[in-house]
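Trainee: Make a model of the complete structure from these sequences and hints.
There are 2 protein chains.
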Amino acid sequence: MSRIITIGREFGSGGRELGRRLSEILEIPYYDQEIIAEISKSTSLPEQYVQRVMEHRPIASFPIHIGRSFYPVENPIMQQGIEIYQEQSRIIREMAEKSDCLFVGRCADYILKDMNPFRIFVYASMNSKKKRCRDNARADEKLTDKELEKKIIGIDKNRSKYYEFYTDHIWGDRLNYDLCVNTTKMDIKEMAQAVANLLS
Amino acid sequence: MSRIITIGREFGSGGRELGRRLSEILEIPYYDQEIIAEISKSTSLPEQYVQRVMEHRPIASFPIHIGRSFYPVENPIMQQGIEIYQEQSRIIREMAEKSDCLFVGRCADYILKDMNPFRIFVYASMNSKKKRCRDNARADEKLTDKELEKKIIGIDKNRSKYYEFYTDHIWGDRLNYDLCVNTTKMDIKEMAQAVANLLS
Numbered sequence: 001m002s003r004i005i006t007i008g009r010e011f012g013s014g015g016r017e018l019g020r021r022l023s024e025i026l027e028i029p030y031y032d033q034e035i036i037a038e039i040s041k042s043t044s045l046p047e048q049y050v051q052r053v054m055e056h057r058p059i060a061s062f063p064i065h066i067g068r069s070f071y072p073v074e075n076p077i078m079q080q081g082i083e084i085y086q087e088q089s090r091i092i093r094e095m096a097e098k099s100d101c102l103f104v105g106r107c108a109d110y111i112l113k114d115m116n117p118f119r120i121f122v123y124a125s126m127n128s129k130k131k132r133c134r135d136n137a138r139a140d141e142k143l144t145d146k147e148l149e150k151k152i153i154g155i156d157k158n159r160s161k162y163y164e165f166y167t168d169h170i171w172g173d174r175l176n177y178d179l180c181v182n183t184t185k186m187d188i189k190e191m192a193q194a195v196a197n198l199l200s
Numbered sequence: 001m002s003r004i005i006t007i008g009r010e011f012g013s014g015g016r017e018l019g020r021r022l023s024e025i026l027e028i029p030y031y032d033q034e035i036i037a038e039i040s041k042s043t044s045l046p047e048q049y050v051q052r053v054m055e056h057r058p059i060a061s062f063p064i065h066i067g068r069s070f071y072p073v074e075n076p077i078m079q080q081g082i083e084i085y086q087e088q089s090r091i092i093r094e095m096a097e098k099s100d101c102l103f104v105g106r107c108a109d110y111i112l113k114d115m116n117p118f119r120i121f122v123y124a125s126m127n128s129k130k131k132r133c134r135d136n137a138r139a140d141e142k143l144t145d146k147e148l149e150k151k152i153i154g155i156d157k158n159r160s161k162y163y164e165f166y167t168d169h170i171w172g173d174r175l176n177y178d179l180c181v182n183t184t185k186m187d188i189k190e191m192a193q194a195v196a197n198l199l200s
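Protein chains in written order, with the working numbering: chain F, 1 to 200; chain R, 1 to 200.
Please keep in mind that the hints were generated in silico from the structure rather than gathered at the bench. As the structure is a prediction and not an experimental result, all values here were calculated from the model. Check each hint, because a few of them may be wrong.
[Said to hold, decoys possible] What follows is a set of in silico ranges between Cβ atoms, one per label pair, in the way DEER data are often shown:
{"#": "1", "chain 1": "R", "residue 1": "GLU149", "chain 2": "F", "residue 2": "TYR49", "range": "42 to 52 Å"}
{"#": "2", "chain 1": "F", "residue 1": "MET115", "chain 2": "R", "residue 2": "GLN86", "range": "45 to 55 Å"}
{"#": "3", "chain 1": "R", "residue 1": "GLU47", "chain 2": "F", "residue 2": "GLU55", "range": "51 to 61 Å"}
{"#": "4", "chain 1": "F", "residue 1": "GLU47", "chain 2": "R", "residue 2": "ASN158", "range": "48 to 58 Å"}
{"#": "5", "chain 1": "F", "residue 1": "GLU55", "chain 2": "R", "residue 2": "GLU97", "range": "43 to 53 Å"}
{"#": "6", "chain 1": "R", "residue 1": "ARG52", "chain 2": "F", "residue 2": "GLN33", "range": "13 to 23 Å"}
{"#": "7", "chain 1": "F", "residue 1": "LYS41", "chain 2": "R", "residue 2": "PHE165", "range": "49 to 59 Å"}
{"#": "8", "chain 1": "F", "residue 1": "GLU94", "chain 2": "R", "residue 2": "ARG3", "range": "39 to 49 Å"}
{"#": "9", "chain 1": "R", "residue 1": "GLU47", "chain 2": "F", "residue 2": "ASP114", "range": "47 to 57 Å"}
[What the hints assert, rightly or not] Cut-off 27 Å, straight-line C-alpha distance, at most; resulting in silico cross-link-like pairs (DSSO-like, lysine-lysine):
{"#": "10", "chain 1": "F", "residue 1": "LYS150", "chain 2": "F", "residue 2": "LYS98"}
{"#": "11", "chain 1": "R", "residue 1": "LYS130", "chain 2": "R", "residue 2": "LYS150"}
{"#": "12", "chain 1": "R", "residue 1": "LYS151", "chain 2": "R", "residue 2": "LYS161"}
{"#": "13", "chain 1": "F", "residue 1": "LYS157", "chain 2": "F", "residue 2": "LYS130"}
{"#": "14", "chain 1": "R", "residue 1": "LYS131", "chain 2": "F", "residue 2": "LYS185"}
{"#": "15", "chain 1": "R", "residue 1": "LYS151", "chain 2": "R", "residue 2": "LYS131"}
{"#": "16", "chain 1": "F", "residue 1": "LYS113", "chain 2": "R", "residue 2": "LYS113"}
{"#": "17", "chain 1": "R", "residue 1": "LYS146", "chain 2": "R", "residue 2": "LYS131"}
{"#": "18", "chain 1": "F", "residue 1": "LYS146", "chain 2": "F", "residue 2": "LYS130"}
{"#": "19", "chain 1": "F", "residue 1": "LYS150", "chain 2": "F", "residue 2": "LYS161"}
{"#": "20", "chain 1": "R", "residue 1": "LYS41", "chain 2": "R", "residue 2": "LYS98"}
{"#": "21", "chain 1": "R", "residue 1": "LYS98", "chain 2": "R", "residue 2": "LYS113"}
{"#": "22", "chain 1": "F", "residue 1": "LYS130", "chain 2": "R", "residue 2": "LYS113"}
{"#": "23", "chain 1": "F", "residue 1": "LYS189", "chain 2": "R", "residue 2": "LYS113"}
{"#": "24", "chain 1": "F", "residue 1": "LYS41", "chain 2": "F", "residue 2": "LYS113"}
{"#": "25", "chain 1": "R", "residue 1": "LYS113", "chain 2": "R", "residue 2": "LYS131"}
{"#": "26", "chain 1": "R", "residue 1": "LYS185", "chain 2": "F", "residue 2": "LYS189"}
{"#": "27", "chain 1": "R", "residue 1": "LYS142", "chain 2": "R", "residue 2": "LYS157"}
{"#": "28", "chain 1": "F", "residue 1": "LYS113", "chain 2": "R", "residue 2": "LYS130"}
{"#": "29", "chain 1": "F", "residue 1": "LYS150", "chain 2": "F", "residue 2": "LYS130"}
{"#": "30", "chain 1": "R", "residue 1": "LYS130", "chain 2": "R", "residue 2": "LYS157"}
{"#": "31", "chain 1": "R", "residue 1": "LYS189", "chain 2": "F", "residue 2": "LYS113"}
{"#": "32", "chain 1": "F", "residue 1": "LYS161", "chain 2": "F", "residue 2": "LYS113"}
{"#": "33", "chain 1": "R", "residue 1": "LYS189", "chain 2": "F", "residue 2": "LYS189"}
{"#": "34", "chain 1": "F", "residue 1": "LYS130", "chain 2": "F", "residue 2": "LYS41"}
{"#": "35", "chain 1": "F", "residue 1": "LYS131", "chain 2": "F", "residue 2": "LYS151"}
{"#": "36", "chain 1": "F", "residue 1": "LYS113", "chain 2": "R", "residue 2": "LYS185"}
{"#": "37", "chain 1": "R", "residue 1": "LYS41", "chain 2": "R", "residue 2": "LYS161"}
{"#": "38", "chain 1": "F", "residue 1": "LYS185", "chain 2": "R", "residue 2": "LYS142"}
{"#": "39", "chain 1": "R", "residue 1": "LYS113", "chain 2": "F", "residue 2": "LYS185"}
{"#": "40", "chain 1": "R", "residue 1": "LYS142", "chain 2": "R", "residue 2": "LYS98"}
By construction, the Cβ of each residue, glycine as well, lies at the ideal position given by its N, Cα and C atoms.
Mentor: Below, the structure is given as structure tokens:
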């Protein structure tokens with residue numbers, strides 16, 4: 001089976017941990033933040049800025065009304081979002097052509113679809129995601145339960161919109177993935193080993 | 001992890017094959033048609049009849065209008081559907097209490113929820129399901145492509161309605177399962193081995 005692996009994941013579901021462990025067992029490169037660093041290098045835009053653009057779908061341009069006619073307005077922010085996505089696609093393809101590897105997020109399942117990647121989606125119950133966020137939180141991050149839930153929903157909403165904008169597919173729709181893993185009651189270490197066996 | 005395993009599956013997705021293989025590797029009983037035979041025995045209803053009732057959600061009773069008042073009508077067909085479901089629940093619980101085992105369909109994931117089963121959902125693309133149906137079809141079953149697709153959609157619609165009627169959950173909703181497996185590109189034998197390793 002393909003050893004180019006892509007992981008889509010809900011925020012707080014442990015998808016990144018699953019990816020990290022899986023890439024270690026299979027001894028293949030793991031790409032996540034590395035892609036942002038590469039885009040930043042090739043576009044000369046600061047990493048933080050690239051990250052922010054990649055977390056939101058581009059804002060659509062809007063027509064303006066002058067007299068009786070509508071004119072589309074060039075929207076430089078939207079344009080930049082699309083350019084960063086194109087650069088991201090180029091870099092992801094380049095990485096996947098070099099060797100077997102694993103990508104977390106970034107629409108990699110769609111970008112690499114003609115290379116037949118093994119596509120995983122990781123999800124969990126809201127309570128489980130909140131617990132994982134709490135366990136991993138920096139000491140200075142003290143959100144109330146309600147604030148944390150709002151943050152999780154907000155991040156996933158952005159991921160969903162971003163994915164749908166560029167792929168025209170529904171984020172998390174099971175037909176777009178080969179395996180969907182619920183980490184609510186799952187030991188991620190054991191799951192990583194099971195998937196590694198399947199792909200070995 | 002729990003070795004009481006439940007498998008929900010789309011028609012033609014290979015869920016039954018995955019279940020059969022998994023139960024063989026784990027050397028645990030596999031229950032599918034066996035449940036119908038048990039219900040038939042305990043209710044003295046013919047197996048074929050039990051099967052038919054279990055493939056459809058009960059038809060809701062309807063109120064009738066007499067003068068200015070509405071009276072609910074006893075609906076014996078609906079009543080029998082519910083009684084068969086209750087008998088099915090009793091038998092499934094009895095089987096699960098006896099030993100580790102695997103159930104295909106029958107809302108077993110819901111019926112056994114307090115026993116913390118490992119819940120799998122098996123699905124595939126329409127083309128893949130049609131191909132599997134063709135490969136397994138009896139020689140006398142010659143449906144056109146359109147007829148076969150209609151049959152697949154119809155059976156899954158009934159499964160979905162049946163499941164939702166008794167569990168109040170959405171059939172195939174990923175949060176109701178621990179693992180969702182897309183068999184479109186998957187070798188079912190290898191997948192069965194991987195899940196067996198995970199649960200061993």
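Trainee: Confirm or reject each hint.
Mentor: Comparing the hints with the structure gives:
Restraint check, GLU149 (chain R) to TYR49 (chain F): a C-beta distance of roughly 48 Å satisfies the suggested window 42 to 52 Å. Separation of MET115 (chain F) from GLN86 (chain R) is about 51 Å and conforms to the stated range, judged on CB atoms against 45 to 55 Å. Between GLU47 (chain R) and GLU55 (chain F) the beta carbon distance is about 56 Å. The supplied range of 51 to 61 Å therefore holds. Between GLU47 (chain F) and ASN158 (chain R) the beta carbon distance is about 52 Å. The supplied range of 48 to 58 Å therefore holds.
Remark: the range hint 43 to 53 Å for GLU55 (chain F) to GLU97 (chain R) is upheld by a beta-carbon distance near 49 Å. Checked against the given bound of 13 to 23 Å, the beta carbons of ARG52 (chain R) and GLN33 (chain F), roughly 56 Å apart, lie outside it. Hint check: LYS41 (chain F) to PHE165 (chain R), Cβ distance near 57 Å, so the stated range 49 to 59 Å holds. Restraint check, GLU94 (chain F) to ARG3 (chain R): a C-beta distance of roughly 44 Å satisfies the suggested window 39 to 49 Å.
At roughly 48 Å, the beta-carbon separation of GLU47 (chain R) and ASP114 (chain F) lies within the given 47 to 57 Å, and the hint holds. Restraint check for LYS150 (chain F) and LYS98 (chain F): the C-alpha separation of about 39 Å exceeds 27 Å, so the hint is violated. Annotation: proposed proximity of LYS130 (chain R) to LYS150 (chain R) holds, straight-line Cα distance about 10 Å (limit 27 Å). With a C-alpha separation of about 15 Å, the suggested pair LYS151 (chain R) and LYS161 (chain R) falls inside the 27 Å cut-off, and the hint holds.
Of the supplied pair hints, the one linking LYS157 (chain F) and LYS130 (chain F) holds, its CA atoms being roughly 16 Å apart against a limit of 27 Å. Between the alpha carbons of LYS131 (chain R) and LYS185 (chain F) the distance comes to roughly 34 Å, so the proposed pair goes past 27 Å and is violated. This hinted pair checks out: LYS151 (chain R) and LYS131 (chain R) have alpha carbons roughly 13 Å apart, not beyond 27 Å. Between LYS113 (chain F) and LYS113 (chain R) the alpha-carbon distance is near 37 Å, which puts this suggested pair outside the 27 Å criterion.
Distance restraint check for LYS146 (chain R) and LYS131 (chain R): the Cα-Cα separation of roughly 13 Å lies within the 27 Å cut-off, and the hinted pair is therefore satisfied. At most 27 Å may separate the alpha-carbon atoms for a hinted pair to count; LYS146 (chain F) and LYS130 (chain F) meet this at roughly 10 Å. Pair hint LYS150 (chain F) plus LYS161 (chain F) holds up; C-alpha atoms about 16 Å apart against a cutoff of 27 Å. The straight-line distance between the Cα atoms of LYS41 (chain R) and LYS98 (chain R) is roughly 19 Å, inside the 27 Å bound, and the hint therefore holds.
This hinted pair checks out: LYS98 (chain R) and LYS113 (chain R) have alpha carbons roughly 16 Å apart, not beyond 27 Å. The straight-line distance between the Cα atoms of LYS130 (chain F) and LYS113 (chain R) is roughly 23 Å, inside the 27 Å bound, and the hint therefore holds. With a CA separation close to 24 Å, the supplied pair LYS189 (chain F) and LYS113 (chain R) stays within the 27 Å bound. Distance restraint check for LYS41 (chain F) and LYS113 (chain F): the Cα-Cα separation of roughly 26 Å lies within the 27 Å cut-off, and the hinted pair is therefore satisfied.
Among the hinted pairs, LYS113 (chain R) with LYS131 (chain R) is inconsistent with the structure: their alpha-carbon atoms are about 34 Å apart, more than 27 Å. A C-alpha spacing of about 25 Å is found between LYS185 (chain R) and LYS189 (chain F), which places the hinted pair at or below 27 Å, so the restraint holds. Restraint check for LYS142 (chain R) and LYS157 (chain R): the C-alpha separation of about 22 Å stays at or below 27 Å, so the hint holds. Proximity of LYS113 (chain F) to LYS130 (chain R) is assessed by CA-CA distance (about 23 Å); at most 27 Å being required, the pair is judged to hold.
With a C-alpha separation of about 10 Å, the suggested pair LYS150 (chain F) and LYS130 (chain F) falls inside the 27 Å cut-off, and the hint holds. Distance restraint check for LYS130 (chain R) and LYS157 (chain R): the Cα-Cα separation of roughly 16 Å lies within the 27 Å cut-off, and the hinted pair is therefore satisfied. Our distance criterion of 27 Å between C-alpha atoms is met by LYS189 (chain R) and LYS113 (chain F), whose separation comes to about 24 Å. The suggested pairing of LYS161 (chain F) with LYS113 (chain F) holds, with an alpha-carbon distance near 19 Å, which does not exceed 27 Å.
Straight-line distance between C-alpha atoms of LYS189 (chain R) and LYS189 (chain F) comes to about 23 Å, which keeps the hinted pair within the 27 Å bound. Taking the CA atoms of LYS130 (chain F) and LYS41 (chain F), the gap is about 34 Å. The hint is violated against a cut of 27 Å. A C-alpha spacing of about 13 Å is found between LYS131 (chain F) and LYS151 (chain F), which places the hinted pair at or below 27 Å, so the restraint holds. A threshold of 27 Å between alpha carbons decides the hint, and for LYS113 (chain F) with LYS185 (chain R) the separation of about 13 Å falls inside it, so the pair holds.
Distance restraint check for LYS41 (chain R) and LYS161 (chain R): the Cα-Cα separation of roughly 26 Å lies within the 27 Å cut-off, and the hinted pair is therefore satisfied. A threshold of 27 Å between alpha carbons decides the hint, and for LYS185 (chain F) with LYS142 (chain R) the separation of about 44 Å lies outside it, so the pair is violated. A threshold of 27 Å between alpha carbons decides the hint, and for LYS113 (chain R) with LYS185 (chain F) the separation of about 13 Å falls inside it, so the pair holds. A distance of roughly 42 Å separates the Cα atoms of LYS142 (chain R) and LYS98 (chain R); the hinted pair therefore is violated under the 27 Å criterion.
Consistency with the previously given hints fails for numbers 6, 10, 14, 16, 25, 34, 38 and 40, ordered from lowest to highest.
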